[in-house]
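Participant: These are the residues of each chain, in order.
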Amino acid sequence: MATTLGKTNSGAAFGRSIPRVEAQAKVTGKAEYVHNLRLPGMLYGKVHRSTVAHGRIRGIDVSAAKALPGVYAVYTAADIIKLIPEPYYGPAFHDQPILAVDKVHHVGEPVALVLAADPHVAEAAAQLIDVDYEELPAVFDEVEAMTSKAIVHEVLKPAGTFPDLKHLKGKRDTNIALDFHLRRGDAQKAFAEADHVFEHTFRTQQVLHVPLEPFVTVADPTPNQLVIHTASQSPSFVRIEIARLLGWAENKVRVKVPYLGGGFGAKLYIKTEALTAAAALLAGRPVKISLTMEEQFYQITKHAATLRIKSGVTNEGKVTARECEVWWNGGAYADIGPRVTQKSGFTAPGPYDIDHVSIDSYALYTNLPAAGALRGFGIPQLVWAYESHTDMIAKALKMDPLAIRRKNILREGRPQATGTLMRDAGIEKVLERLAQRMDWEKAFDKGGGAIRRGRGIAIGFKASISPTTSVAIVNVSADGSCMVYCSTVDMGQGSDTAMAQFAAEALGIPVESVTVVHPDTDVTPYDMATLGSRSTYHMGHAVKLAAEDARDKLMQLAKDVGLSAETTPIPDIFRKKYGMQAGNVVGVGSYIPSYTSPDAQGQTDNATPFWMIGATGAEVEVDTETGEFKITRLVNLVDVGRPVNPAIVETQISGATMMQLGFTLFERMDFDAGQCTNASLADYKIPGIRDVPLVMENEAVDMVQQSGPFGAKGVGESGTFGVSPAIASAIDDAVGVRLTSLPLTAEAVYRGLRAQAGKPLDE
Amino acid sequence: MQRNIRFTLNGRPVETQVGNHQNLVEVLQGQGLFGARESCSQGLCGCCTVIINGAAVSGCLTLAPLIDGADVRTIEESQPDGKLDPVQQAFVETGAFQCGFCTPGFVLMTRQLLDAHPQPTDDEIRHYLAGNLCRCAAYPEIIKAVQLAAAKCKG
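Line order of the protein sequences matches chains A and B. Number 469 in our numbering belongs to position 475 of the first sequence; there are no gaps in the numbering. Just add 8 to the spot in the second sequence (first one is 1) and you have our numbering.
For the record, the hints were derived by calculation from the structure and aren't laboratory data. Any given hint might turn out to be false.
Claimed, not checked - DSSO-like, lysine-lysine: derived pairs with alpha carbons at most 27 angstroms apart:
#, chain 1, residue 1, chain 2, residue 2
1, B, K160, A, K24
2, A, K389, A, K624
3, A, K60, A, K76
4, A, K624, B, K152
5, A, K24, B, K91
6, A, K24, A, K183
7, A, K24, B, K152
8, A, K679, B, K152
9, A, K97, A, K163
10, A, K304, A, K392
11, A, K165, A, K97
12, B, K162, B, K91
13, A, K436, A, K389
14, A, K246, A, K76
15, A, K165, A, K143
Build the full structure now, drawing on both the sequences and the hints.
Facilitator: In structure tokens form, the structure reads like this:
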């Protein structure tokens, strides 16, 4: 049946739990991933990686590798430089070489690349490369990196894209890749006047994303363009950065992205793309580089951090002042760490109404694998610290954890630490709903004998990375079907489905008649990236604007030919205009939110277009004889504005929660002299189906983001915020053991119990 | 060293040259099938699950010469009527996946689970699917999908 333009914003497409548009392709194994791609004449690349954490390269012997039958080529930095004289990339600093130049900065850094038609030959040859290193002193700890004599990069090279990094250009002999400072009121004076001052230090460990589809890129040097097929969350960035490296126009580089087998912030900016592109151009043939699971451990990770928080508090539990110092372990390359340092840094005091605030946040280089964005952009580390700190204060003052939060919570219309007033931030609503679902006001069974029970709550918030741009095209065909062109990457979060829903809702046509074109920079317009829960809001706006533009044009077209668009089927409008099934109506939408840069004190009246809120309540049972504990109930509350697709939103909440549960309970990269010693799924456990708590409840509170498209905002990260501190507080509530480092292991609980009993275990 | 092997792939006879060092995932890729995906390469994640002679195995740990003469079935095997089977339908209806990379393994393992336990308990589901990892952690939906599939199979 031919479609007629229906009502716009009728709720026919938006807010419905329709199945994902790609559901059939995924359950039949036929969904398209770069993993599947093979091109005629394609060579496979295998990387030879650094075996030392910090060292000068004295020589590279590739003769044995080159001599292996079947090897097509072996490349080192010397070859790359012939093609790209300045072979350094990165979103914040141009600090990362395509292959190591003169020096290596971490174990696992790419030093040489072997190409062969048979990947097994390439792999065998990569092992035959011999590199002679002069080892240098290395630094691994983020706090030591502040003053260490071991300097990871001799000179800092800001990329020039971010104004707050410009002052670091050419700076020598420092590991500080960004220092962010915020001052509001007079914290020192307030500490002096406070009834109580509390100070605690917390630690988080280095972990990683582990998408089950490891990094993979295919580069194809065609006569007119370099075509890059890549599992990337940021196709527009890849095109611009590769074009910059080569000194080419943007339109000479084409980046295509099908579905991703998971991303979580790993597949952002440049990962395997620059090396694959350079190799393909040098070889003159298509090249594929697929990392192994082990290699993912050297590519990108989540920041380990040390966080010190100090609070001035009244006898009644009102926090009057807070000082936060955060040291982010960025590893060998800055990646997006400086943005984590600033954008997350300014929420370090938590969702609390505090008059006097002082924040110092430092991005540090160390000789570990680089750290970047991982589902929360630094927020889970901060929430871990400020919510644990909140409960430690409550305990000292003999206050209830809910009561102290109610007393200090940042309410609607009040200024956050930057001075930005809170708008459409359901902090109070989320907290109250969590308390209700946890039956917080009712008596709680604390258990008895060897098994003790406890409960905890925690709440966190996050600003959106701003300002960023999204552009979309909506194309209505002559039969009334519609295509959305956007560079948002569907990595599992369901953006294809969401964008189809936005377009259908704004156009007033059935969602089934909309398809979404996958990112292809020759076809789909610019998008900053699929990160930081920004797509629903930013690309949602762009798609909505494009659909409204198309609708207006279709109405005008109908008017021009003397028809009513409201009553005439869309195909009849086109037929009357063009005499046959022909033509298109193309709408365009572009969106960038307003934003005010912070001043020297970190103050701004417009820090973010929207706030994300997430809270978790946990109930645990602790075995006092072994320290083992199990989570008997986990309740997750979020404010996502109006959910685009409630079923997918719930999957996003529980998925984020489960991921953070892994980071809370067992995930940790172990290092020995900079060498990761558990770089495999055999030694690095990620959550499985048996780790799902027996009771897990997820809820999006009833909220509307007034500035959002149809009232929506982002959801991908909010489920992570409260998990770690809620569980730590529940353990403390059960047995009186307060853990301040992640992960929360049975051993750590048992050590705490022994210390409590005056019989501490040896280290 | 190369050798010639013959096996049945989704009901059709196949004859192909394989290297002794190659694994089943590579053999399937040579046949144009990409639903079995090598991820951890240690037989721990379940992304490369393939059914050999009726039993689920890790394709990444199965050397190619060992499938000579075997009956091999993959996620690409189509249903007699060309539609989704009850397990696949249940995964779609409950939204039991996000990125979809691990989904073929879960679907194949769920079929095997339902063959062994037509009405599985929550505990049996968690036990049976413990060898399949989903980093998107769509586990709560997967448990619902298995229960729905069991109900569909029962009719």
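Participant: Please go over all the hints and tell whether each is borne out by the structure.
Facilitator: Here is what the structure says about each hint:
Note on K160/B and K24/A: the hinted pairing holds, with a Cα-Cα distance of about 24 angstroms set against a maximum of 27 angstroms. A distance of roughly 23 angstroms separates the Cα atoms of K389/A and K624/A; the hinted pair therefore holds under the 27 angstroms criterion. Annotation: proposed proximity of K60/A to K76/A holds, straight-line Cα distance about 19 angstroms (limit 27 angstroms). Pair hint K624/A plus K152/B holds up; C-alpha atoms about 22 angstroms apart against a cutoff of 27 angstroms.
In summary, the hint linking K24/A to K91/B is supported, as the alpha carbons are separated by about 14 angstroms, within the 27 angstroms threshold. Annotation: proposed proximity of K24/A to K183/A is violated, straight-line Cα distance about 64 angstroms (limit 27 angstroms). About 23 angstroms separates the Cα atoms of K24/A and K152/B, which keeps this hinted pair within 27 angstroms; it holds. With a CA separation close to 24 angstroms, the supplied pair K679/A and K152/B stays within the 27 angstroms bound.
Restraint check: the Cα-Cα separation between K97/A and K163/A comes to about 20 angstroms, which is no more than 27 angstroms; the hinted pair holds. Only pairs whose Cα atoms come within 27 angstroms are accepted, and K304/A paired with K392/A is accepted, the gap being roughly 18 angstroms. Simply put, K165/A and K97/A have alpha-carbon atoms about 19 angstroms apart, close enough for the 27 angstroms limit, and the pair holds. For the hint linking K162/B to K91/B, the alpha-carbon distance of about 18 angstroms falls within 27 angstroms, and the restraint holds.
For the hint linking K436/A to K389/A, the alpha-carbon distance of about 19 angstroms falls within 27 angstroms, and the restraint holds. Distance check on the hinted pair: K246/A and K76/A sit about 19 angstroms apart at the alpha-carbon level, within 27 angstroms; holds. Taken as a hint, the K165/A and K143/A pair is honoured in the structure, with Cα atoms around 15 angstroms apart against an allowance of 27 angstroms.
In summary, the one numbered hint that this structure violates is 6.
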